[in-house]
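S.K.: Using the sequences plus the hints, can you model the full thing?
Protein chains in written order, with my numbering: chain A, 1 to 251; chain B, 1 to 274; chain C, 1 to 264.
Simulated from the structure, these hints should not be mistaken for laboratory data. Values in this document were obtained by computation on a predicted structure and should not be read as measured data. There's no promise every hint is true.
What the simulated footprint calls covered on chain B by chain C, stretch by stretch (three residues with Cβ under 8 Å from a Cβ of chain C suffice, anywhere in the stretch; the number is not a length) [to be verified]:
id	stretch
1	69 to 78
2	167 to 174
3	185 to 193
Beta carbons are placed, not taken as given, at the ideal position from N, Cα and C, and that holds for glycine.
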Amino acid sequence: MKAALIRYSPLLILAVAWQLISHFELVSSTALPPLTQIGGAWLDLLTSGELEKNAAPSLYRGGVGLLLAIGFGSVLGIAMAWWRPVNVAIGPLVEVFYPIPKSALIPVTVIWLGFGDGSKILLIFLGCMLPVIIGAFNGARSSEQVLVWSARSMGASRLRMIWDVVVPSALPDLLNGIRTALALAFILMVTSELIVAREGLGNLIGFLGANGSYAAMYAVVLTVAFLGFAADRIYQLLMHRALAWRETAAT
Amino acid sequence: MSFVVEASERSAAARFIRCAGWVAAHFASIVALLVAWELFARSGAVTMFMLPPFSAVAERIWTDAIGGGLWVNIGFTLYRTFMGFLLACAIGIGLGLAMARTRSARWFFDPIVSIGFPMPKVVFLPVVILWLGVFDVSKIAMVTVEAVFPVITATMLGIQCVGDELLWSARSMGAKDRELLWQILLPAAAPQIMTGVQVALPVALIVAIFTEMAMGGFGVGAVMMQSSRFADSRGVFAGIVEIAIVGYCLVKGLVIVRHHLLRWHQEAIAPSTV
Amino acid sequence: MTSDAQIVVDQVSHRYRPPSGREVLALEDVSLSIQNREFVALLGPSGCGKSTLLYMIGGFLPVVAGSILVDGKPVGGPGPDRGVVFQHFALFPWKTVKANVLYGLERTQLPRSEREQRAQSYIDMVGLTGFEDSYPSQLSGGMKQRAAIARTLAFNPQILLMDEPFGALDAQTRSLMQSELLNIWRRTPKTVLFVTHDVQEAVFLAERVAVMSARPGQIKALIDTKFDKTDPHIFKSKAFVDKVDEIWGLVRDEAVKAQASRRQ
Numbered sequence: 001m002k003a004a005l006i007r008y009s010p011l012l013i014l015a016v017a018w019q020l021i022s023h024f025e026l027v028s029s030t031a032l033p034p035l036t037q038i039g040g041a042w043l044d045l046l047t048s049g050e051l052e053k054n055a056a057p058s059l060y061r062g063g064v065g066l067l068l069a070i071g072f073g074s075v076l077g078i079a080m081a082w083w084r085p086v087n088v089a090i091g092p093l094v095e096v097f098y099p100i101p102k103s104a105l106i107p108v109t110v111i112w113l114g115f116g117d118g119s120k121i122l123l124i125f126l127g128c129m130l131p132v133i134i135g136a137f138n139g140a141r142s143s144e145q146v147l148v149w150s151a152r153s154m155g156a157s158r159l160r161m162i163w164d165v166v167v168p169s170a171l172p173d174l175l176n177g178i179r180t181a182l183a184l185a186f187i188l189m190v191t192s193e194l195i196v197a198r199e200g201l202g203n204l205i206g207f208l209g210a211n212g213s214y215a216a217m218y219a220v221v222l223t224v225a226f227l228g229f230a231a232d233r234i235y236q237l238l239m240h241r242a243l244a245w246r247e248t249a250a251t
Numbered sequence: 001m002s003f004v005v006e007a008s009e010r011s012a013a014a015r016f017i018r019c020a021g022w023v024a025a026h027f028a029s030i031v032a033l034l035v036a037w038e039l040f041a042r043s044g045a046v047t048m049f050m051l052p053p054f055s056a057v058a059e060r061i062w063t064d065a066i067g068g069g070l071w072v073n074i075g076f077t078l079y080r081t082f083m084g085f086l087l088a089c090a091i092g093i094g095l096g097l098a099m100a101r102t103r104s105a106r107w108f109f110d111p112i113v114s115i116g117f118p119m120p121k122v123v124f125l126p127v128v129i130l131w132l133g134v135f136d137v138s139k140i141a142m143v144t145v146e147a148v149f150p151v152i153t154a155t156m157l158g159i160q161c162v163g164d165e166l167l168w169s170a171r172s173m174g175a176k177d178r179e180l181l182w183q184i185l186l187p188a189a190a191p192q193i194m195t196g197v198q199v200a201l202p203v204a205l206i207v208a209i210f211t212e213m214a215m216g217g218f219g220v221g222a223v224m225m226q227s228s229r230f231a232d233s234r235g236v237f238a239g240i241v242e243i244a245i246v247g248y249c250l251v252k253g254l255v256i257v258r259h260h261l262l263r264w265h266q267e268a269i270a271p272s273t274v
Numbered sequence: 001m002t003s004d005a006q007i008v009v010d011q012v013s014h015r016y017r018p019p020s021g022r023e024v025l026a027l028e029d030v031s032l033s034i035q036n037r038e039f040v041a042l043l044g045p046s047g048c049g050k051s052t053l054l055y056m057i058g059g060f061l062p063v064v065a066g067s068i069l070v071d072g073k074p075v076g077g078p079g080p081d082r083g084v085v086f087q088h089f090a091l092f093p094w095k096t097v098k099a100n101v102l103y104g105l106e107r108t109q110l111p112r113s114e115r116e117q118r119a120q121s122y123i124d125m126v127g128l129t130g131f132e133d134s135y136p137s138q139l140s141g142g143m144k145q146r147a148a149i150a151r152t153l154a155f156n157p158q159i160l161l162m163d164e165p166f167g168a169l170d171a172q173t174r175s176l177m178q179s180e181l182l183n184i185w186r187r188t189p190k191t192v193l194f195v196t197h198d199v200q201e202a203v204f205l206a207e208r209v210a211v212m213s214a215r216p217g218q219i220k221a222l223i224d225t226k227f228d229k230t231d232p233h234i235f236k237s238k239a240f241v242d243k244v245d246e247i248w249g250l251v252r253d254e255a256v257k258a259q260a261s262r263r264q
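M.R.: Encoded structure:
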């Protein structure tokens, strides 16, 4: 506990510095509202329901897109590793789309599905599928030959063997890929909503900014930033649990 | 002992042939992809609006290229990308070095880095705009903020992993502290630092394009978003193809730089895609 | 302790704190004196602190308890009077063999042409002619170690500190390198302190073997091992075999102790 305090104390120092700087108007308080003001605005948003009203669609879009990406991505990645034809067919697609910035797909999804939920879910699905596929692929490829042979020699069918040996071996790479996808989901959610949305946290940020309610804007910005951070930390905890049987923890 | 030399000569020739074959195969699959795109678009399964045929998109790109607009926009995007990227490298390597070698720097910046990493930093764009206005400065600042993280962590890792023995050898040969830094530490950490740099450049490109989409003001991203709003699907897809090509060139460019800079490393392979 | 000994280690102790756990006493009241141009082996089980002692003499670890004098002066830090050869070669991977060897010569005040000449002569001496422009990653283990030795010899240190330099090599290469090291030492006599856990290697190479106890390390015994090392059948000669047995007996107890303490 004490160690955590020491570790994060620079943030406390920054927070105090922030409060002092804005309080004494060293920087204009419109550009940098005091933390207390931001806190107050956050509470207002919470009590007025604005926060939930916008958080719900954002998290819904992100969640659905991500889950679809994980589902399809893991299956595809493992299939690519174990069946040559699948690799030949999908491999080039992955290689072509990997270097394309996923945010670049925003205008495309808008053209296809308009300004609503659908385009965002599609965006997050397409974008997040890539790191999951790559993670699953690399993980499945790396399953030790010896383990596979052992399973087969004990009579496991190909499918069974994949389930019993390949998937657990692939878990570290796959889970890391999902971690990347999680971060990417937040990014795509925010970016798509900042540019085109009717409601959602990103949209709320833009609205508050245009309105001049900067303290409230900061409040939502920090909320989203914190959510992204918290999601990653929680996921890491779960990931370590799932990989507890590994002697060396992969970070 | 001469077999070592002969083997490397033979394998150089073999490597070239394999490389040429690989390039051909690679382009073959892309060509196949484009053909598939064209056929699928014309097949009627989706409207020409939803998926304009590749030929139409290519034609649009060509018109833009001739008209000059393409180069202006790519120029803007690359300008913002590289400014932010270079800033990120300078700050990132400096910070990473400080954090790896000085306890106080490490203590102060560690929570910022570890919290900042998984955060969707692009959410701070409205704040950056608030501070720095609506023109290039804020775009470049946003790029820097995002791209600096992979450089910091890679530099930290690289410097931490430099074996004591290397430093001790140098010191026993009389090297002073400043010489240690430039002559030993940085070259030894170069492979890892380069990896961080290679991750940072595509990130810089993505963020530059995103800021253009959000803020307008020339650049491939801005044009794409405009096309989207005007339901100009060819323009949108043209933008995607342009980004893909630019991104590919940037990544490949860095791979070549890496191969040259790190030719002493055991055939270091750049971070691979699939 | 003779006052004209080149290296004088006097009642040196060393403590360190590993990242997790309590403080460890690595060395306890170690005393040793090494004469000019003597070849001494430091022998002991893993973890007994022999490398630690070497690093302290080299000036990489501070001397807090006790004193270490080299040529009458206390050790202040690393310097070109004490050349070091490490187990994992510590060659600069981004420099060619020649550039590596030249690095040690840069700080000498010699003119450039002479530096290049010297570098080349040492590269030739260790048998790496033709590989001056190769990078370490292109060399085999034995070749890397030769390059490391050439680099250390090039700036002509009076003292050579070697930390299990042949430990990372396969048995055949190791055996070849041992003979070569003796040849080099005969040609350019220096004071050598050679750390190893291999009894045969210690008896073959050194004139005196200092046997260290398990942690906390102390000098358990000092044994003379002067033989006619040019005898090609030396490994089978009775004197040699007996000496190895004698020292192995001393080391074995310590090795068992070291094993036991690790299991706790």
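S.K.: Hints numbered earlier in the text: which of these fail when held up against the supplied structure?
M.R.: Hint 1 is the one this structure does not satisfy, whereas the remaining hints hold.
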